[in-house]
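Chemist: So you can see what is in the structure, the chains are spelled out below.
6 protein chains.
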Amino acid sequence: MKKSFVGAARTAKRAYSPAVITEGGRTIWLAGHTGAVDDTGKSLAGDFDAQCWQTFHNIEKTLAEAGANLADLVTMTVFLIDARYTTRMTELRTEIFGKDFPASAAITVAGFARPEMMIEIQCVAVV
Amino acid sequence: MKKSFVGAARTAKRAYSPAVITEGGRTIWLAGHTGAVDDTGKSLAGDFDAQCWQTFHNIEKTLAEAGANLADLVTMTVFLIDARYTTRMTELRTEIFGKDFPASAAITVAGFARPEMMIEIQCVAVV
Amino acid sequence: MKKSFVGAARTAKRAYSPAVITEGGRTIWLAGHTGAVDDTGKSLAGDFDAQCWQTFHNIEKTLAEAGANLADLVTMTVFLIDARYTTRMTELRTEIFGKDFPASAAITVAGFARPEMMIEIQCVAVV
Amino acid sequence: MKKSFVGAARTAKRAYSPAVITEGGRTIWLAGHTGAVDDTGKSLAGDFDAQCWQTFHNIEKTLAEAGANLADLVTMTVFLIDARYTTRMTELRTEIFGKDFPASAAITVAGFARPEMMIEIQCVAVV
Amino acid sequence: MKKSFVGAARTAKRAYSPAVITEGGRTIWLAGHTGAVDDTGKSLAGDFDAQCWQTFHNIEKTLAEAGANLADLVTMTVFLIDARYTTRMTELRTEIFGKDFPASAAITVAGFARPEMMIEIQCVAVV
Amino acid sequence: MKKSFVGAARTAKRAYSPAVITEGGRTIWLAGHTGAVDDTGKSLAGDFDAQCWQTFHNIEKTLAEAGANLADLVTMTVFLIDARYTTRMTELRTEIFGKDFPASAAITVAGFARPEMMIEIQCVAVV
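Residue numbers (my numbering), protein chains in the order written: chain A, 50 to 176; chain B, 50 to 176; chain C, 50 to 176; chain D, 50 to 176; chain E, 50 to 176; chain F, 50 to 176.
Just chain A, with the same shape it has in the complex:
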């Protein structure tokens, strides 16, 4: 599978690429992932940083079941409960990805399936 990044230098400080090009390979269509509880089942209500990390961790676990990892993501839509979390999300994403960022949109929504959720990410990987 061939993959390339478009205009990535322009938006690297926000931890995403304007576009990612793929050709062939397997496409992994991921459900919206959230992180309102940690791996032990403890609530992360009210802790945006923890929920954001947990969300990416949960995505990583699903990708692992598919024989893939976070570096294989090509695009994502990040749904946030408050617009002021956008910058913090990009900071955490910078730590998590480091480089070769997927495409991304970040949107503030009116709510999620459960009131304690603060972030949901739906994404696509190609391997």
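Keep in mind that a hint or two might mislead.
To be verified - Calculated pairs, DSS-like style, for lysine-lysine (alpha carbon to alpha carbon, straight line, at most 30 Å): (1) Lys51(F) - Lys62(F); (2) Lys91(C) - Lys110(F); (3) Lys51(C) - Lys91(C); (4) Lys51(A) - Lys51(C); (5) Lys51(C) - Lys148(C); (6) Lys52(B) - Lys52(C); (7) Lys110(C) - Lys51(A); (8) Lys51(A) - Lys148(A); (9) Lys110(B) - Lys51(C); (10) Lys62(E) - Lys52(D); (11) Lys52(F) - Lys52(E); (12) Lys110(F) - Lys91(F); (13) Lys52(B) - Lys51(A); (14) Lys62(A) - Lys148(C); (15) Lys62(D) - Lys51(D); (16) Lys110(C) - Lys148(A).
Stated by the list, open to error - Covered by chain F, per the in silico footprint, the following chain E stretches (three or more residues, Cβ under 8 Å): (17) 53-66; (18) 132-140; (19) 151-162.
Said to hold, decoys possible - Far from chain B by the CB rule (all over 10 Å, computed), these chain D residues: (20) Lys51; (21) Lys52; (22) Ala58; (23) Arg59; (24) Glu72; (25) Gly73; (26) Gly90; (27) Leu93; (28) Phe97; (29) Gly116; (30) Thr139; (31) Gly160.
I should point out that these hints are in silico values taken from the structure, not numbers from a laboratory.
For each residue, glycine too, the CB sits at the ideal point set by N, CA and C.
Starting from the known structure of chain A, arrange chains B, C, D, E and F on it as the hints suggest.
Modeler: Chains B, C, D, E and F in isolation, oriented as in the chain A frame:
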């Protein structure tokens, strides 16, 4: 076309799969579908169940024009006017799909193109 | 790459196709694009028409870097700050695309990364 | 009790007064009133006109219990589920009040106590 | 100061009165009160029950400075971050007031001054 | 008319008082005021500072018609289109009032009567 479901047992009770993998085939990129009027043009304003059924029915009709059906959906984003409809939507989706659920995110939004709309679903099928 | 439009006559007046089918080719996964400043850096705060045009212009520039253009878009999700902008967006999209419209969903959201943003579009092209 | 209207001609076409002045008398602090079911208990889900009429009718009934009527209202806050209902609400309010309009604010909110509710009005009367 | 409750039996199970009538006395116009931190400054982020109790506790402290208490409240507007907290708020309000409930509206909003806030209450007391 | 401020030192840096007490006098119930156009009719779309100033200016004009001024305000509810404008609003309010601040709540809403509106303030004055 090859298709496989990832971690599906974990989330079956919410009628979606954490991820669906496809390779090759034709990709059908569907527009956001809604169901604010029934097949005869009668308004379904205020009736969430009816709008949810109609929305999946309208998706089915578009898929049929493309030589596909609901079982070919691999991912969807469900936009809802009120978070409290999320569980009802998953119940209806359980009836409609039965098994082999597509990936899905469910998001509560601030509004739609017309004020009587209560649900919009954008999805992708691969055949 | 083969591409076909499904049921396009039904929804042409809203400048989108119910579905677009692609097979093979390269997939360009675009980030959410916005248009809150023009090409010279001048703010377009409060001017929906200008932001909508600029957003499509910015998408066009990213596509050009990928060797593609607006006609290669197959689906988009349009996020709007107010539902009443939906019709105006479809009018502008009619002017921009003319025919062979991509699939599309149009959703009203609670906010964006910066408060002056009025529209964000995330899309996929296949070439 | 003395009551006077301030600048009422300026905003009469939107069926409110910029300010209402009261001195002395009894103040009736009304709860938020809604109209999601009619007097027989039938659901008015999805029917904005009916809910708006019913809401004012319910306010009228509460005022009657207090020995007052709609003409005694001095201010109200109208909460709406969709901004596009604002104009229709002012049309109905014009029919209901005719003249000597109370002060008013009209706000679009993210939701109400029950998902079928489309309007809630909180108001104050002075008699 | 004379105070009376209108139709209170009808709505007692939701812990509010349809209307409260006052005549004369001193009016205490309270600011919107919140409860995102407890009395020691510890964050209550993500804990709706704690924030709801703290909010009423903070209102009580302000009222005490004015020589009044919660029983003197005549109306309130309760702003909530998620509609599903409405019922829980009425349960807590039942415990706090017991009887002779003030008028009230409960509205779901898009956000507050700080993202960790889940409830804000603006109210009026007459003594 | 007697007026006193409760706990004002605690919240002065956010330009409001926790409570304001009034006794007797005339009560001026103001409608929700906005500031989407300036005194010459020019649109202030997208310019929060200008809309905020204009809104207080419009309130001042209505108060003048009632023989009052901004210093007579005792409480207000500030409705904002984006939570991130809350701090800026308090800065402007500090400049406008200087001291003896009214009570206030600041809420982020989903929308207003017209899409270009960014702020609406509903308030009460006692003289």
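Chemist: If you check each hint against the structure, which ones fail?
Modeler: 2, 3, 10, 14, 17, 18, 27, 28 and 31
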